[in-house]
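Undergrad: Dock chain B against chain A, hints included.
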Amino acid sequence: MSQDVLVWCLVAIAVIAVATVVVLIRRTRALGVNKRRSEAALNEQLGALQSQLSVSHAELQQFKNAQQSVISEAERTSEESTKAVLKGAARFLQSLAAEQTTLLDDIQRRYGGHSVLSDLLEVHHANAQMARKAQGIAVMCGAPVGRRNKPASVYDVVRSAQGQIRNFQRIEIMQQSGIALKATAVAPVALAVAELLDNAASFSQHDAPIEVTFQRVQNNLCIVIDDAGVGMNDEDRQKATALLSGDSVPQLSQLGNQPKFGFPVIGLIAGQYGFRVDVTGVSRYGGVRAVVLLPEELWTVEETPPPAEEGDAPISIHRGEGQARAASRTTHGLPKRGSRQAPIAGVPSPAGATAEPVAPAAPRPIRRSSGSSLGALQRGTLSGRDLDAPSPEGAEDA
Amino acid sequence: MRDEADQEPVTPDEVDLDLELTGDLVPLFVITKGRALPPAHQFSHTTLVTAKKDAHAARQLSPEARSVLDLVADGYLSVAEVAGYTHLPLGVVRILLAQMEESDLLVVRNPVPSAERPDRELLSAVLDGLKTRFGA
Numbered sequence: 001m002s003q004d005v006l007v008w009c010l011v012a013i014a015v016i017a018v019a020t021v022v023v024l025i026r027r028t029r030a031l032g033v034n035k036r037r038s039e040a041a042l043n044e045q046l047g048a049l050q051s052q053l054s055v056s057h058a059e060l061q062q063f064k065n066a067q068q069s070v071i072s073e074a075e076r077t078s079e080e081s082t083k084a085v086l087k088g089a090a091r092f093l094q095s096l097a098a099e100q101t102t103l104l105d106d107i108q109r110r111y112g113g114h115s116v117l118s119d120l121l122e123v124h125h126a127n128a129q130m131a132r133k134a135q136g137i138a139v140m141c142g143a144p145v146g147r148r149n150k151p152a153s154v155y156d157v158v159r160s161a162q163g164q165i166r167n168f169q170r171i172e173i174m175q176q177s178g179i180a181l182k183a184t185a186v187a188p189v190a191l192a193v194a195e196l197l198d199n200a201a202s203f204s205q206h207d208a209p210i211e212v213t214f215q216r217v218q219n220n221l222c223i224v225i226d227d228a229g230v231g232m233n234d235e236d237r238q239k240a241t242a243l244l245s246g247d248s249v250p251q252l253s254q255l256g257n258q259p260k261f262g263f264p265v266i267g268l269i270a271g272q273y274g275f276r277v278d279v280t281g282v283s284r285y286g287g288v289r290a291v292v293l294l295p296e297e298l299w300t301v302e303e304t305p306p307p308a309e310e311g312d313a314p315i316s317i318h319r320g321e322g323q324a325r326a327a328s329r330t331t332h333g334l335p336k337r338g339s340r341q342a343p344i345a346g347v348p349s350p351a352g353a354t355a356e357p358v359a360p361a362a363p364r365p366i367r368r369s370s371g372s373s374l375g376a377l378q379r380g381t382l383s384g385r386d387l388d389a390p391s392p393e394g395a396e397d398a
Numbered sequence: 001m002r003d004e005a006d007q008e009p010v011t012p013d014e015v016d017l018d019l020e021l022t023g024d025l026v027p028l029f030v031i032t033k034g035r036a037l038p039p040a041h042q043f044s045h046t047t048l049v050t051a052k053k054d055a056h057a058a059r060q061l062s063p064e065a066r067s068v069l070d071l072v073a074d075g076y077l078s079v080a081e082v083a084g085y086t087h088l089p090l091g092v093v094r095i096l097l098a099q100m101e102e103s104d105l106l107v108v109r110n111p112v113p114s115a116e117r118p119d120r121e122l123l124s125a126v127l128d129g130l131k132t133r134f135g136a
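Protein sequence lines, in the order shown, are assigned to chains A and B.
Numbering of the first sequence is given in UniProt numbering, commencing with residue 1 and proceeding in unit increments.
Numbering of the second sequence is given in UniProt numbering, commencing with residue 1 and proceeding in unit increments.
Excised from the complex, chain A in its bound form:
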């Protein structure tokens, strides 16, 4: 009996358990469905929000871009207007300096015999430096380099560059080459070399030498500038290379209070005129070796060889015949005087006083215009030489 009760009890418990399980399962299913539904809804919302967000992001970016372009446009216009103003000013200075150079050339020739010449030469040196600075600023602002209309030997071009820096005496040009630069290349190459020389001079000791040599490498002519200054580190080299290649043109406002025009200017004109400049080499003094590489379009070989034949000119002839006119032309086609036994100048000998009323080699040198007095002196000696009489000077003077 008690067994039956137990069994019934167990069955009842089992039934209740099963029922509970069924109920539970149903519940969980319902919950799952609910959860999925709400998840989907939430996901949908999230998606919508995300798309909104990306739209706003895009808008923001658009605004940012617009703002950036406005700013850079403003920067560009301000750079351009600054450049335009500066260009005008620099060109003005440039032409004034050029005018002054021409004037100085004239004055130096006019007062060539006067003691003021020393000072004039110094003024000219100062003016040449100013002209270079003006050229540099003008080039930075997009103006062309002043132009020359005559070809010149590369030696003279380097000498011209030499004159444009302060301590030009330190520069030694080691050889003269028989190569001429075409007219269009003369001024730009001179400016580029001047900037390189200035760089070499300012980064080395005041008395250290700077050597310039010329080399022909395949179809290129190299102007090599060696200084004995401090070398450059890798960072400097990279910067310099970027500037010299013209790839990075710094804005005027980036140049700083003590603007360094040198390398940017070189980069610009090298790009314009088709030559290359490299400063990554090491000179034989441990300083910087700068190389200006000129392609053959920019130069020609000069016809006139360096004066070698002069060396064989017969020097021994001159003892016997004073008036001999043989071999009496210089390389420039000028008449050359033969040797004389006696000096031309001196106290006139009293004998043989032929009448030469206007003896131009007059006793008191007149200091007014050395050009005409020199010419007169020269004419005098020439005419005196043509006379057979020993003395051209008259016995009579006022």
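No false leads were mixed into what you were given.
Using 30 Å as the maximum straight-line C-alpha spacing, the simulated DSS-like pairs for lysine-lysine come out as follows:
1) B:Lys33 / B:Lys53
2) A:Lys133 / A:Lys260
3) A:Lys260 / B:Lys33
4) B:Lys33 / A:Lys182
5) A:Lys87 / A:Lys133
6) A:Lys83 / A:Lys133
7) A:Lys182 / A:Lys133
8) A:Lys260 / A:Lys182
9) A:Lys87 / A:Lys239
10) B:Lys33 / A:Lys133
11) A:Lys150 / B:Lys33
12) A:Lys182 / A:Lys150
These aren't lab readings, by the way, just hints derived from the structure by calculation.
TA: Chain B alone, transformed into the frame defined by chain A:
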């Protein structure tokens, strides 16, 4: 052809704006290497110079110094004549010559100083004195 010719000066403005440099390419102070004039009594107009025999072998001469040396290679020439022939200002020639003399390339003969004339005023004073003393 014509088009090209017309096209050629694409940048007439640029060309117009182009600054022509008419000054000497090599300024005189570079030719003199920045040296000062020699003292006035050295290398006066009439000083005679000639090159030493081995001078033409000298290296490292600027073209101007070389042309001066060539000019005086065969005999004496006055400083003024050198200046005339080379078309260089007299002062520049004097500096070059002084430089070359330092490098021992030149023989220099200074002019014989011309005899001093007696002072004209002194003479007339003496004459006046004599006239008043002896009556003339």
